[in-house]
Each structure stands twice: as structure tokens, then as C-alpha cells.
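Protein chains: 4
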Amino acid sequence: MTNKRIAVLTSGGDAPGMNACIRAVVVASEGAGHTVIGFEHGFNGLLAANWRKLDSKKVHNIIQRGGTILRSARCKEFKQDVSAKLAAKHLDELAIDALLVIGGDGSFHGAKHLSNFWDGQVIGLPGTIDNDIYGTDATIGYYTAIETAMDSIDKVRDTADAFERIFLVEVMGRHAGFLGASAALSGAANYVILPELFTDKETTLKDIHQQLSIHRQRYGHESFIIVLTENLWPEGIAELGVQLEELTGGEVRPVILGHIQRGGSPVSQDRMLATLLGVNAVRCVEQNKTGIMVGMQNNKPVEIELSQTWENRKELGDTLTQTMVTMLNERHNWGMTT
Amino acid sequence: MTNKRIAVLTSGGDAPGMNACIRAVVVASEGAGHTVIGFEHGFNGLLAANWRKLDSKKVHNIIQRGGTILRSARCKEFKQDVSAKLAAKHLDELAIDALLVIGGDGSFHGAKHLSNFWDGQVIGLPGTIDNDIYGTDATIGYYTAIETAMDSIDKVRDTADAFERIFLVEVMGRHAGFLGASAALSGAANYVILPELFTDKETTLKDIHQQLSIHRQRYGHESFIIVLTENLWPEGIAELGVQLEELTGGEVRPVILGHIQRGGSPVSQDRMLATLLGVNAVRCVEQNKTGIMVGMQNNKPVEIELSQTWENRKELGDTLTQTMVTMLNERHNWGMTT
Amino acid sequence: MTNKRIAVLTSGGDAPGMNACIRAVVVASEGAGHTVIGFEHGFNGLLAANWRKLDSKKVHNIIQRGGTILRSARCKEFKQDVSAKLAAKHLDELAIDALLVIGGDGSFHGAKHLSNFWDGQVIGLPGTIDNDIYGTDATIGYYTAIETAMDSIDKVRDTADAFERIFLVEVMGRHAGFLGASAALSGAANYVILPELFTDKETTLKDIHQQLSIHRQRYGHESFIIVLTENLWPEGIAELGVQLEELTGGEVRPVILGHIQRGGSPVSQDRMLATLLGVNAVRCVEQNKTGIMVGMQNNKPVEIELSQTWENRKELGDTLTQTMVTMLNERHNWGMTT
Amino acid sequence: MTNKRIAVLTSGGDAPGMNACIRAVVVASEGAGHTVIGFEHGFNGLLAANWRKLDSKKVHNIIQRGGTILRSARCKEFKQDVSAKLAAKHLDELAIDALLVIGGDGSFHGAKHLSNFWDGQVIGLPGTIDNDIYGTDATIGYYTAIETAMDSIDKVRDTADAFERIFLVEVMGRHAGFLGASAALSGAANYVILPELFTDKETTLKDIHQQLSIHRQRYGHESFIIVLTENLWPEGIAELGVQLEELTGGEVRPVILGHIQRGGSPVSQDRMLATLLGVNAVRCVEQNKTGIMVGMQNNKPVEIELSQTWENRKELGDTLTQTMVTMLNERHNWGMTT
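Residue numbers (the UniProt record's numbering), protein chains in the order written: chain A, 1 to 338; chain B, 1 to 338; chain C, 1 to 338; chain D, 1 to 338.
Calculated from the structure, these hints are not laboratory results. Given the structure is predicted, the values throughout are model-derived calculations rather than measurements. Check the hints yourself; a few may be wrong.
As the list claims (entries may be wrong) - Pairs of lysine-lysine, BS3-like flavour, derived with a Cα cap of 27 Å:
no.	chain 1	residue 1	chain 2	residue 2
1	B	K53	C	K206
2	D	K289	D	K53
3	D	K206	B	K57
4	A	K53	D	K289
5	A	K58	D	K57
6	A	K57	D	K57
One chain only, chain A, in its complex shape (with noise of 0.2 Å):
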């Protein structure tokens, strides 16, 4: 087997568990004898040449760490030819065989377009709290901002049943539900609001009142949690309190978790999810392998052509969907019979 000199950058949001991913690579890749380095930024380094050699001890005691050691960024004028043209030049000058890129469709976009004008093996880590990625069953950072948003609810719960208060609680998810989802059924939740089964306001409103109705029968208090996914009700969650206090009569409180879902400390899902897939990435080096990004589906490593990553809409699935039905909005709701 040949010695490989392979570079790794992370790129778009941040997510929980990409230090465990560099971590996995550079320590895999020392095993069989290859080189790494990291480019800083994101796409940014890779414009403007900026790195540096990574070893087993630059990443010891990493794994537990939030953000990424290599700094991440947007980078909107990669789209431009001109710059694939000179982060293959930069590439090359390396004598670099494999990038890694970990982060979500829009950094697999330019990996992609990078290797138009580049020789090199491009390959893609799935990296974002959305899990918004076709072809793996999870992505890192995911299981982390479950946990965070689980937690806020948990919390929000306390101040929820001494009250007895309507709560709000948007995530984050752009336009997927997998965080909402699982936040909501972790999180013990009464409602969901999310992308895949959101119609329009007026349905919404109207079958929360009809939830809620049902909860205060049988439940004898108020202390009802509604999760609702970011991006998603037109005019924001402070408006959709509103509207709940004037159908409900009770106290609204909207809380917006924000930015925390994506910091602290990968949970063990994750940092095993990233070292999986960043051994497995070395491998597909090894194997000469490009233009793909690696997953996990059923707890086995795949790999997948990048374009296939966004070409397809991932879906919750029958048995997420099946139990959200169950435990939260409720049997008759949804157009579904049971």
C-alpha cells in the first residue's frame, strides 16, 4: 500500500463531534503510514494556502471538544471557477492525493466543483446538526443538538408543570425534522411542529386547540410543550404565541434555543459516529476512492456519489413518524387512521 498525503478541512456550520472526526483521521491515517495536514476556514484555507501538519499529538484530548481545531467558515466565492482552479493549484503544489471535507451539502457542493479542475481524491464526512444529508442514516453533531434541545426541554418542562404554562420551543433544522422530531420525543413534548407535516397555519392552529383540549381532560392541567422547527411558521414563533394566547386563553412563552444547539461537547453517539466515518474515510483513500462522501446506514459504513447526497430528499421515515404520531400530535391527526 502506497503512503497517501491527505487533506482535511471542515467547512459551513459548525457541528459537535468534527474534532472527534479530525481526531479519527489523523490518528488512522499515522497507523498506516500516512501524511496529514488541515487546511484552516474551511475553503478559505484551501484560497489561500493556509495550513498545517497535524500529528497524533496536535490532537490528543480533542475528541471531547465542541467547534473544530481547523476553524470552519462559509466560503460563497468558491462557487466561482477561478477558485477551484486555485485550490487545485494550491492542492498540487502540496503534492496533496486526498482532500477531506467534512460538513453539509453546501460544502459537498464545492467539493464537487473542486474536482473539475482537480486530479485529487475528494471525498465527503457528513457534518452538520440538521441531519439533513441523503445516504447516511445520521450525521455528526446530530445526536448532540438532540441532547441540547432534550435538555432545554427538560428544563423548560420544570418551569412548564409549576406554571402550568404553554411553552414554544424552536429548534433549529433549516428545512429537515429530524432535530424537531427527536428533540420532541426525547423531550417529552406535546406537539410538533415541523417541515414535513406542516400544511398551513390555519390546520395547525386549529389541531393544537383540538390536542390541547384533549390534554386538559385528561391530563388536569395546562403544562403543554410545543416544538416547532425554525424557518417554519411565516411569521415567526413570537406571532404563533400570540395567536395561542388568543385561541387558548392561557400563558404563551416562546423560547428560541439558538446557537447552543450546535456548540458543547460531542455526546458518545457522535464522537462514534465521527471516528467510524474518519476511519472509514482513510480507507476509501487507501482504496483510491473519489467523488463520494462516506456514511453509516444500519450501523455499516457506505459510500455515496456526493451529487446523490443532495439530489435526494432524506425522509424521517415510517418508524420516526409512526411513533411521533403515537406519542405526540396524537392518533387522529395528520390525515392518518390507525
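Keeping the supplied structure of chain A fixed, place chains B, C and D upon it in accordance with the hints.
For chains B, C and D alone, kept in the frame of chain A given last:
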């Protein structure tokens, strides 16, 4: 020593450790032969004669829970004489010797008001995450709220560092800077805006700008975290964010921590404080004291006239202020010279 | 669909998420019109006819609690036919249609034994931190135990790094290495000793010595963490510590995590798993299934013959094993060639 | 004010918050124009002239990390005059004005010993999880160790309740009961065995037996948690467990928390304390003080002669003791009458 009949209620904003305090009152009372009942929903339960008997078994395994098993509420009508008289009647019918009120200064006003119409003993225990009650070094819930805010700042710093962004983090505190100061110091924030130190928007913006310049020079990066107390910036945190973006040319992200600061399992210091105060309140009942709040000063239990708790303003103190000047907003700031 | 009368109990070692599972069973049942009762103290409650009715209200706010509100116990006498007959009698007297048993393989033996004497439906739900049950990818409590063990390793690493010491960390697992492998990988340990890979003391000591030499060379320091599954080292962890001190000349500190691994608020993945399994068990009841365990394989609910769960041995699997070889005990180890 | 050259080291058992203290020293010094260097591995680094320059950038993002970036060690040879002289020589060669020693009483002995052979300023900062240093209300790391021990007791209680078992939890503390007392109180343990209160085995066993009887009667269950300080029970915790099983007829499970108590991200109170002490130590350097430890008493910074810190014994204090009597070992215990 006569056996007493003691009633307890939790009132106002819930705070982690209220359950630990209820537990301490019950365990200490039971050990001494007293009887304890709890009113539900704060003063509302007193008006509705909504109560239940409490014993050791009922408070087993609640020390670690946020919220309050007695529920809480605000009760505006309790300001009226007719309400206080009704409460007095219910307390007399239940042959209560002493009423313990766990809450903030609004709740203490209620307790004082009741004492104008009732002969029994009235004792306050300070419970609020804001720590804005004169006469005690700390209030139940304050320590946990610091921890929650600090954890959030730790998480935000992961992204701030990864992206070299400016973050604005809004914490609670009503009109006091304790939570903001402690969260900023323990979270290693770079700047803090507190009611005790705020003069006007213009001066603050100018000062932040200057601090940020020093920071960029010293650290070579833009990651900069500003902690802001709620209710302070006239047009709100979003407007401050926009102003800072204009001023600095960098990306600014606002994060409002909101209600998660009220919940969660109490940290050890809150459980200790709540337990010490609960035990001491029972001692005060045994000593026939009334019209007081029990507090802790310099690690010792103290008793304060209820009216003193709101007539005096609690200061941040020199130690905390000097440390902030050194660690956060820099020496030359705030009109101070060293 | 007929309304059913469902009984549930928790048995064997408690595991975080058992309460989330009870809650899911109750909420799913109530939504479908079924009735649920819970037996206390595992099979002992079945023998003593010690039960109580469960409804949504009684399982509100328990999803986040460790332990089990139904208590658990081991029940040796349940192996006897007379016990199983008595249990059957009690179940018939209560007109129970289906019994759900949440527990490990000892509990499933009990469930199977009962089914020889009772005509009702018997369904197992896998609950154990050891993850040693065939037929399901994960068991309730496993994820939280990994998290607790990993957090402890993170803490130990602080001291290991500060003092450049060797630490031995003993984790649970009975006779399976799942917890050890996952804790070691996510905790960035340097070596792991698991039942699946253990041959003899001498070989292991020699291998550790060799790994430690490579480690010293690569990292330039002595901080080295070894994870060990319980019941594996013949003379116990203390003896291993002494042997390693003699062998390496360094300081070795043993840490036995013990029972803290069984407790704590369940992490989101355990709450999700427990909820999915609980909902699916109710579906199986509705479909008149019996003699099965509900499990999750590849993110989908499955049903397994109860006897299959203990007659087959669950393997660590290639993905996990290969990753350990790369990240922990090094490639040339374990007689493997890459 | 003259600019100073300040050296800092961490010595003895590591404690969470040591990094926060190093950071505070560096930030406060840099703001005032002083220079800071750090010696590695405690006094060993002083003997080996193993040091590096510290500035704001190097201490960025370390406040939340356990352990110590300067490493720690015990250094027996430092007791010899020849060692102290060598250290003095190295300090003079580096033109150091003041040496700050973060550690426990063994480290302070070393600091005092050095001051016999060196003219520079020597200042101690109390860092130990045991809180056994006279002259300061708390020591760096103490609050985090309480939190870790309390969290563990919370977890153990889940199983204790589920199984109705007796648990023995051994915490650190060397020869002081602070950690044991605080962990027991905040963890809602049922009994505590501390050096300050321990007389002999027989009396203790008899008392536990009596307490357990009261407990069974009051709570109707066996779940009972005993906290024990290390180094106290003559034959060790396992023997105590066996004795209790014989005495009570119930199952007893021992748990030794061990080294996890030294690690972990420091809680807010430790970060605050470490920061306040670090800032104040720099002020003491500016005021040319020497031979002192900086501490906190009643929320104010104080200075104590180094020798005073070990010549006096720090007491648990009346408030803590009285609360333990009421909440843990019951009123009629410990020869006290109320």
C-alpha cells in the same frame, strides 16, 4: 418545645432548589415533631384552601428536581385586603402556627401584607434566580441559573471560535446584574452590559468598539462574546446586534437564553443553600419568630425584617466589580483608574 | 380492534430509560383505548399480586428519570413451576390479556417460563445497560451507560494528562464487550480489554507493554488510559494495576465505575429507543402476538422469538471491531492483518 | 507601578479550576503590563528550568477545562535544601519577581521552603478538591468535586430506589469531611461517616442500624445511602459493606468514586473562585507581598501567612454541622440534644 403546625408555599417565578427547600422544611419538621402542609399554586392555594399534607415519604427523591412540587403562580389579587383576610381565615381554620413563603420580593410583599391580617408567624425564604434580594448573599436558584448560563456561553464559544464571530448572549436578572456578572466571568465572556454599570447606548457602543480593537490585536481573532442583562438595551438585543454589525463590520449573532435559565436539576450549591435555609426556617418557627426572611450572610444563617429585603438595594460588591473590571471590560473602562 | 388489558413490569438490573418505556406503553395504550396496570418489584409483584393502575397522568414527567417507578428485583423463585402457576392465576384474576416484561435475558427466561402456564400474550422489551441481548441492535439503558462511562473517562483523562499516569477504568458489561468498546472509543482511551478479544493475561500484558512504548514515542508522554470490562481479569483490577506498575515502571491508578453506570437521566437515544419499543410492543399486543421480544434492527422495529434472544450470541460486529483495531489497540494487534 | 515578571506553577493533586486560575493570572498580568511564565510539572519544572511564556492567547478557551495545562506533579526531593537552592538559582536567572504556587498544603510547604533560599515574592493559591486548607472558605476544585460526587449519588439513588438496597458511597477528602458532608447533604444521602465525627466502628455500626430502623418505619422502604470519607473505615469500604449486610439482613453495595472526583469541567463557582484568587494574587504581587496565601473569607479576598494555612485545622463549622445533624444522622445522634 411545642409541636407546631407549619404551612409552606412557593410563589413567583420558579427557581431550581425550591423542592430541596420544601424537602428540608418537611424533614426538619418531622424530626422535631411538627406537622407540615403545603399550599398549591402559591398564594392562590391559600385563597382556595387548596392544600395537602407533606411528610418525609412525599419529599423523598425530589431534591434533584427543578420546578416545584407545590406549583407556583403569581397572584395579583393577593394585594387586596379581602384576599389577605380570606387567607388568614383559611390558615386559622387549619390551625396553622406558621406560614413559610419561598419566593422573591413580590412574594415577600404578599407575606407582609398577610401579616397585617393574621396573627400567625410569617417567614420568607429567598427563592429567585435573579439574586436581587437584600439581606442574603445568595438566593435559591441563583447558582443553578449561573451554571446554565455559563454552559450556554461555553457552547456559544465553540461556534464563536470556529467562525470568529461576535456573539451577544442575553441572560435574565430583571433589574440586577448578579446573574449577568457571574455568567460573564465564569463563561469567560469578553464584555458585559449590566444595569449597575450601564449609562447610555452611545457610550457602551463606543466602549465595545474600543475593547474589540484591543481584543483583535491581542488574540489575533474576532471571537468575542458579550453578555447582556435582559430589559436593559432600550430597543432590544436584535437592535444591538445590528448596531454592532454596522460598527464593527463583523458578523454578530444574538442568543436569548430565556426560560431554560429557570429550570434544571439544582446544582449542589443551590441544594445546600435551600437545605440550610429550610432547616433554619424551622428553627425560627420553633423560636416563635415572625415577619422575617431567613438568609445566609458570610456562610451563616441570618434573619432580616421582611420590609428590609425590598427597601434596600443589594449591591454587586467591590470584589465582583473589581474582578469584572480586570477580566472583562478592561481596567481603563467604567471611569475607573487603577 | 378490541380494547386490551395490558400489564407491565420491570425486572432485573435497572437501566435508564425503563421509565420512558413504561410511559410509552401507557400513552400508546391510552390513546388506543387499552387499560394498563403495573406490577411492582418485577416478578415478585406478579407473585404477590402487588399492582397499580397506570394512566397518562401517572407517567407524566417520568421520561427523564433514571431507575423505574415500578421498582425492579431479581426473583429466583420464579423459576419454579408453582411460581409461574401462581402468576398465571393472578393475571387471569385481573383479566390481563398481555404481559410486557422490560428487562434482560434473565427476565426473558422468566417470561418464557410463565408462558408455559399462562395463555395470555407475553412480550419482552430489552432493558439492560450491557446490550448483550441478541435480536436488537441496542437495549434500553445502553446509550446512557456509554455516556456515563465516557464522561468518567473524560474526567480521568484530565488527571492522567496532568500527572502523566496510566489509568485503568473498569466498566460494566457482564460477559459482553459492547459497553467497554463504546466507552473506550468515545472516551479516546488508548487500550481496551474485552471478553470478545481477551485470550490470556500474559499475552495481554505483553501487548499493553508494546502499545505503551509506541504511545510514549508518538506522544512524548505517559498519559495512557486502559478500559477493562468487569469479570474479566482473573485476579481483579487491583492486581492488574500492580502488574502494570511492575512492567512499566510508571504509576497506575485503578478506577471502578460501578453502579453509577446504571443510573442517571436517560440520554436522548435511550429515551427514543425506549419510546419506539414501548409503542411497538403495544402494536404487537393489538396484533395478538406472543412469545416474542420487540427490538430494533437497522432503525426498524423487529420481533424475535424469546428463546432466540438467549440462544444466540450477539457479536460486536465488524464495523466496531475494525474501528477499535485502528483507534485503540493498533493494527498489528489481535492477530489481525490489514 | 513597576512591571513585574511573574512565574506560576500548579502542584500536587490536580483540581478543576486550576486552568481558570492560570488564565486569570495571565489576563490580569497582561492588562497591567506584567510578564508571565509557567513552569511545567510543578516544582519539578522549577528544578529542571522547564518553562514557557504565557500570554492571553495561550490561555484562551482553557477556563472550561479540567486538569492543568502546566501539568502537575508531586516532588518529594523539593524538601531538600539543595533543591530549593537550585530553584532559586533558576528563578534568579529568569529574573522572576514573584512565584505563584497553585496547590494544596504540601505545595505550600514547598513554597515556604523555597522562600528560605530565595528573595523573590512567594504567593500560594489554594487548589485542592479536599477544601482542607485553613484561611480560605473554599479551595479551587472543591465545588466541582461536590458536584461530581452529588451527581454520582443521584445516579446511585435511582438503583437504590428501584431495588430498595443500601448503598455505600466513598468520596475523597483525605482527612477532612468537607467533601463528604457537602456531597451527602446535596445528594440527599441518609447517613454520613466523616473524620470529624467518627469515633469507632462499633458505635457507628450501632448508630447506622438504629437510623435504618427509623428510616424503614418512616419511608416504608429500604433505599438507604451512606456517604463515607476515604481513609476512615479501618478495614475499608468492602468490609463495612459485609458488616452492614450481616447487621441489617439487606443487600449492601459499595461504590468508590475515586479519581473521577478530580476531573471534569469546573463548575461556575470554581471558575469564579479561581478567577477572583488569580486576580487578587496579581494585586498582591503589585503590592510586593510575600510569604502569603490568597484566600476568600466571607466573599472577600484575604491574605494569610503561609505557615498559618497548615498550622491551623479548618473546622466544618456550626452551620454545616447543625444541618447535617438535622438532615442526615438525625437529631438524637452524635451526642447532641436539641
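Evaluated hints:
| no. | hint | result |
| --- | --- | --- |
| 1 | B/K53 - C/K206 | violated, 65 Å |
| 2 | D/K289 - D/K53 | holds, 23 Å |
| 3 | D/K206 - B/K57 | holds, 24 Å |
| 4 | A/K53 - D/K289 | violated, 45 Å |
| 5 | A/K58 - D/K57 | holds, 17 Å |
| 6 | A/K57 - D/K57 | holds, 20 Å |
In terms of the numbered hints stated before, the structure departs from hints 1, 4, listed from lowest to highest.
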